[in-house]
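Spelled out from the first residue to the last, the chains are:
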Amino acid sequence: MNKFTTIQKQCSVDWDALNNSGKTVIYLGMASCGKAAGADKVKAIILDTIKKYKIEAELVEVGCIGTCYLEPLMDIKTNGAPRISFGNVTEKNAETIIRKYIVEKEDISKRSLGYFGPKGLNGLPGFFEQPMLKDQVRVVTKNCGIIDPGNIRHYIANEGYAGLVKALSKKPDEIIKEITHAGIRGRGGAGFPTGIKWRTCRNTKSDEKYLICNADEGDPGAFMNRLLIESDPHALLEGMLIAAYTIGGTHGYIYTRAEYPLAITRLQNALDQVKEYGLMGKNILGSGFSFEIKIKEGAGAFVCGEETSLIHSIEGKRGMPRTRPPFPAVSGLNGKPTVINNVETLGTIPHILRNGPEWYRQFGVEGNFGTKTFSLVGKIRRSGLIEVPLGTSLRKIIYDIGGGTQKPFKAVQTGGPSGGCIPKELLDTPMTYESLAKVGSIMGSGGLIVMDQDTCVVDLARYFLDFIQKESCGKCTPCRVGTRHIVEILEKICQGQAEPDFLDKLESLSHLVKATSLCGLGQTAPNPVLSTLRYFRQEYIQHVDEYYCPALVCSSLIEYTVIKDKCTGCQRCVSVCPTGAITGPRSEPHNLDIDKCIKCRACYEICRFDAIAGNAIVISGRKRQ
Amino acid sequence: MKITIDNKKIKIDKPATVLDVAAQNDIYIPSLCAHPELVPYGGCRLCIVEIEGRRGYPTACTTHVEDGMVVRTDTKILKEMRTELTQLILSEHPSACMMCDDVEGCSVFQGTIRKVGITTGCRWCPKDKDCEFQRIVESLGIHDLTLPGLYRDIPIEKYDPFFDRDYNLCIYCGRCVRICNEYRKSSVLSLKQRGKFTTIGPAFEATHIDANCEFCGACVSVCPTGAMSEKSRKWWGVPEKYEASTCPLCSLNCDIQVLTLKDKIVGTLPPGVPHEAGGELCVKGRFCLSELVNRTTRILEPQFKYKEGYGFVSWEVANEKAVEIVKEVKPGRSAMLLSPSLNLEEIHFAKQFAEKALHTELISSSCINENLLAYMEMASHSVSLNDLKKAGCLLSIFLDGNYKYAPVTMLIKDLASKVIPYCQIGWTKDTTTRFATHFYVPKSGDVEGFLDKILFNLKKEKAKTKQPIITETLAETKNSAMIIGPEIMSLTNCISILDKLKQVAKQSHSMIYMPNPYGNLDGLLALVDVVPFDEIRKKIDKKEIDLLYLVGDSAFKKNPGVMKIIYQNAFPAPEDLQPDLILPTALWGESNGRYLNTDKKIKKSYSVGDRHGYSLPHRQVFLDLAKSLKVKLPKFSAKDLRKEFQLKLKPVPEKIKVPAPSKNYPFSLVQENAQHVYSSLNLSTGIEGFGDLVKADHILLHPSDARKQGFNNEEWAILGSSKTEKKFRVLIRKNIPKGIVLLTSSNGQLEFESNPCPVKIRRDHV
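Top to bottom, those sequences are chains D and E. For the first sequence, my numbering begins at 13 and goes up steadily by one. For the second sequence, my numbering begins at 259 and goes up steadily by one.
Same shape as in the complex, but just chain D (with noise of 0.2 Å):
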């Protein structure tokens, strides 16, 4: 135990010089979606730039902070001046960014994003006092985009593995207590109080109990425990130990999917420091509690996961769900007691720990205590990770936080392919388990898709429907069979194939799947439809009775024309078009050929913004009369 004091108080120190001394640092975050941004190739110039004005800074790799519409981000510190941020770095301007600020000392902060530390610099915001920061508590992701995920040291000395050592001085009874008190439910989506969880496993008597991380995340538009994994690894193996003292532990797995290669390897990375640094494996900072942690990389099938087809993966069976109870807190992996939370429940873990269940609930409401993460996507001006008090209302995260849709709002999903849409009358319904279940959507994971007026909802219901058909297990019988029919009715309902019972047959199926699917994949697939069809059930209508898509979007009931009036005839729309449905000779008003469009919408996008006139192809709907 003095050891690791020690080893937090060289972490300090070096912390400290990192970041308060005089020497330059560079910071990029290198997280998923930097990478796809371009921060690799930054990097590579970052390098070269440093190499070529012989530039004394030190590059720290970091994760990402959240406001993914920014990356690739790229913070300097020089001497003298705090932790400054720059957005949307480029190949072609991050070198000018390097030279102008560090070489030429130029004061270019103007274009920074704002200052991290306490210390401001003339006139710059603070960088958490942007719009999308500033209503923010971030407490998971308190280090994520500060820190180097790949350095237990920065960790460490931002109060890292702390948790863990007041953890080993408590009873795990009194863990469980404080986790209780605090309040804290499963963020996986279900909302079950996870105190209650532990005590279940911690009760049951067995020689062996397992702990696994559910780290597979797999709902489209979703990324909070990627990026959790990918800015902050420590903090989920703290969590992990600290779940795993309190229930009598004895193995650990992190289940994640083989399409997360970066999370995995910084998993792996950190798993070989906490080893090194004596945090994990036997006799645990000298307490008598020994733990192993493994990562077991799914072929990413979306029922896995669910705890009971996760708990069948991990055994290297097919990943099929199974009829609860016995739940696997009672019986679970190998039969052994198990408890499976979510990645940002472990990762919070440690924070109850270090603050204490009375700071925990100053965050949320009563029986919603605590902060959530969310990924804030689709057709949203400032898109990226958010973290909020749980209560806090959709209006606030998708126009304080998100900043609004570019046009008018129409819907947003909550928890991904299994919640429900709501609509624009309850924005100000508050982000709690129950206020969600009342609406017709489920908290989840933390998905969050606003789609404006130009999304279909039928369209959306159809998308959603399939991937959850396309994600079946086939292991009941209205998982597997009924999705598959409200599959083929949304189809034809998009096609203007529609039949007029088709409504009311959509509802009974989608009632049935709900009521006897076997896991929370099958009972929650009809959400979508459901709260669709609760909200939005004029646009249905249109599409069966009238043929018609309000938001033009469902191909089958919409057309292409050419407004004679408009066009040039600047011929970019036939260069693109795939299959010449498009003629005619420059500088003359072009034909569209109805018959041989495939409705690819190639033209309408090139003559918004790249034709001499725009705006002349048109996209219309055909309405029956």
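What the hints contain is simulated information worked out from the structure, not anything from laboratory work. Glycine included, each C-beta is placed from N, C-alpha and C at the ideal position. Be aware that a few hints might be false.
[Said to hold, decoys possible] Among the chain D residues that face chain E by a calculated CB cut under 7 Å, a handful are:
| id | residue |
| --- | --- |
| 1 | Leu71 |
| 2 | Arg336 |
| 3 | Phe339 |
| 4 | Val342 |
| 5 | Thr467 |
| 6 | Gln481 |
| 7 | Lys482 |
| 8 | Ser484 |
| 9 | Gly486 |
| 10 | Lys487 |
| 11 | Thr489 |
| 12 | Gly494 |
| 13 | His497 |
| 14 | Leu524 |
| 15 | Ala527 |
| 16 | Thr528 |
Following the hints, put chain E in place on chain D, whose structure we already have.
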């Protein structure tokens, strides 16, 4: 515990599921995926019930009863949902057999002729009228489809022997997958793909043979629909009777039930309720028996060889001719060969006939040689299968149990999965290999040396050599057991190897279990003082035999040089044998009989099917002949069976040196003699499907060995040892270890100078 189901108060004394309790109390809850032998699955969702205090609609099959539980099984909403769920299944499943307007009158008036039936699909389902799904649809009173059809159009799988699969009829109850994995522990079948592409089969699109399927048919037995069907039975229709009997195809003599339709044997199943009876049988008992009995080439009438050629004769004439032949022969100058598949009564009367009418003691069987006698002598110390269940560790030696001895392999798998150490020595990876902690493949010239090492280690206080696992396992566990397979009989040094094994067993205090591939060899040896077949052959060569009486045994391919041959069998004689008199006999299932099995228990088999043609049971033939000869044959009594039979054993012969593989001859050729023989019919050549599994006169190679030599399946290869060269077709099998070439020869003769034998392989370019 007290619970209430549909207002009925029920007392329960042991844990059970709601479905079980309901069934015991005559409360019907429809269900498709539940099966008494299998872990509850909850896939079909038809058994949903309402339970007070529980959310939603739990399934009765997965819910365990608790005290005070109040269950309702037939509320309006439950009925509606069950109907809707069934409609969901019906939308994928062809339903012409149920939804047709003519469904009532069809079976009576045959309104749908077969051709139309094939087009509409109604008469084409092999499980029509025997289908659990049909019954459920009927019980729910569904007469119309409410959902559009979503036929999946999956190609029908017909490329594996014995059963066809049409997964368009599959309702995904998962019973086949579960019985394969949980009960049979074969792990061949699995659900594959996701969503609407979900289907069932071996992983990676392998064929069943490649996936090491044992063809136990458990999956076919439990399938509630026509998705899986037996090739030989699918057109017969629903069997009328299920009758208990005994399988005559190996020394285990498993209990079976025989399915008959209009007194015709159409199939066999393990004992139990149809659709539930699992996979206790091997492929022979499950699929080959009915095919054997129904072979088209059976002898149907007595035939006599006149000067002009063969003529069909009546039994009276045949008897006369037989009497003539028998009377011509002087005492002691005739020999009788018996099939070891005959039942005890048949053997008894044959023996009595030989003694009283032929006045000879030269009784043998073509399979009886010194190796076999040595094997059977050791096997007489064999424990019973029940004793084997108490084993603390298991060692199997040359068992090769993929297509035989199913109860033994199942026992091994069962024990091994309960963490009992299991080691295997053999030349093929069989169904048990997956459970073995140690699998040793002896190379040519290696067998005795290997056993010597084990023996050496066992004798020492502390074992420390190359194969410590087997020695340790044998030495350190109580109740160790050795299971020795009869393939050992074809090895060159069989007798000395058996001697070694005997010493190993003694040293390690192991019990031994030794099955053999003959239905009633134990019975034959217990009733008759057999002479080795070679002695009879020598006598024939010396012209000391005038009459050869073959009873279910063909022994020779052509007349070996005797004056007269009487051939009494159900299957035709080899073409060149030219017997003087051919007497057609009934087969198993057509006459009553008893068998003595490896456990030394007497098992009964019954006459359940009509005899073919004018065939008579062996017993009847002997009694009639004896009557004509005015000889009286005493009745059979079980007391005639000798508890301990003395076999004329020779001393352990000097070891012949079997060379080890060398640079020039890198492969170890192992020859297994196809001992799957029933009443002179070799199953490998006589039954097409079985021939696909155990291919006679082919050499089996590991895929990587075949790749190195550039071989494809069915290509000719020349196999050369230091002395001979022979040509065989190649078959690539994953279960053959590297460096091993396995040859199954149909004539039972050794093809090379030793077995095993180092060989080289090259392509035949002609």
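Against the structure, the hints come out as follows:
{"no.": "1", "hint": "Leu71", "result": "violated, 43 Å"}
{"no.": "2", "hint": "Arg336", "result": "violated, 9 Å"}
{"no.": "3", "hint": "Phe339", "result": "violated, 13 Å"}
{"no.": "4", "hint": "Val342", "result": "violated, 13 Å"}
{"no.": "5", "hint": "Thr467", "result": "violated, 24 Å"}
{"no.": "6", "hint": "Gln481", "result": "holds, 5 Å"}
{"no.": "7", "hint": "Lys482", "result": "holds, 4 Å"}
{"no.": "8", "hint": "Ser484", "result": "holds, 5 Å"}
{"no.": "9", "hint": "Gly486", "result": "holds, 3 Å"}
{"no.": "10", "hint": "Lys487", "result": "holds, 5 Å"}
{"no.": "11", "hint": "Thr489", "result": "holds, 5 Å"}
{"no.": "12", "hint": "Gly494", "result": "holds, 6 Å"}
{"no.": "13", "hint": "His497", "result": "holds, 6 Å"}
{"no.": "14", "hint": "Leu524", "result": "holds, 5 Å"}
{"no.": "15", "hint": "Ala527", "result": "holds, 6 Å"}
{"no.": "16", "hint": "Thr528", "result": "holds, 5 Å"}
In this structure, the hints that do not hold are numbers 1, 2, 3, 4, 5, in rising order.
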